[in-house]
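Chemist: Sequence:
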Amino acid sequence: MRRGKEKHIRDSIMAFLKAMGMRERFEENLSIAFWDTVVGKEIAQHTEPQKVSSGILFVKVDNDVWRNEIVYYKNEIIQKLNQKVGKRAIKEIKFY
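If you want this note's numbering, it's the 1-based position in the sequence shown plus 6.
Wrong hints could be hidden among the right ones.
Straight-line alpha carbon distances no greater than 30 Å define the calculated DSSO-like cross-link-like pairs of lysine-lysine that follow [claimed, not checked]:
#1 Lys86 <-> Lys57
#2 Lys66 <-> Lys93
#3 Lys97 <-> Lys66
Derived DEER-like restraints, expressed as beta-carbon distance ranges [stated by the list, open to error]:
#4 Phe22 <-> Asp70: 39 to 47 Å
#5 Ile15 <-> Arg73: 33 to 41 Å
#6 Lys80 <-> Lys11: 32 to 40 Å
Calculated from the structure, these hints are not laboratory results.
Don't be surprised by glycine CBs; every beta carbon is placed ideally from N, CA and C.
Start from the sequences, fold in the hints, and give me the full structure.
Modeler: What follows is the structure, given as structure tokens:
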């Protein structure tokens, strides 16, 4: 498939989601799909993104040591997730 055609399909889908009032929610949840790619294999093995609500991504962490470590990278993770999504969909991450 040509690049221009892919962009047209993506734009059409996003326009449909916007018309249905679902675009923002879709973009927020898209960050869950990108989680493993953004944080890398090691962190992904110890974390599981659960949901997004009002721009807050809730991530389950398997132990306190990893939770304390990941907190230091929170802003970088938010930036990379939003870059992947293409907008500022995630404003905060809550690790638990």
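Chemist: Run the structure past the numbered hints and jot down the numbers of the failing ones, going up.
Modeler: none
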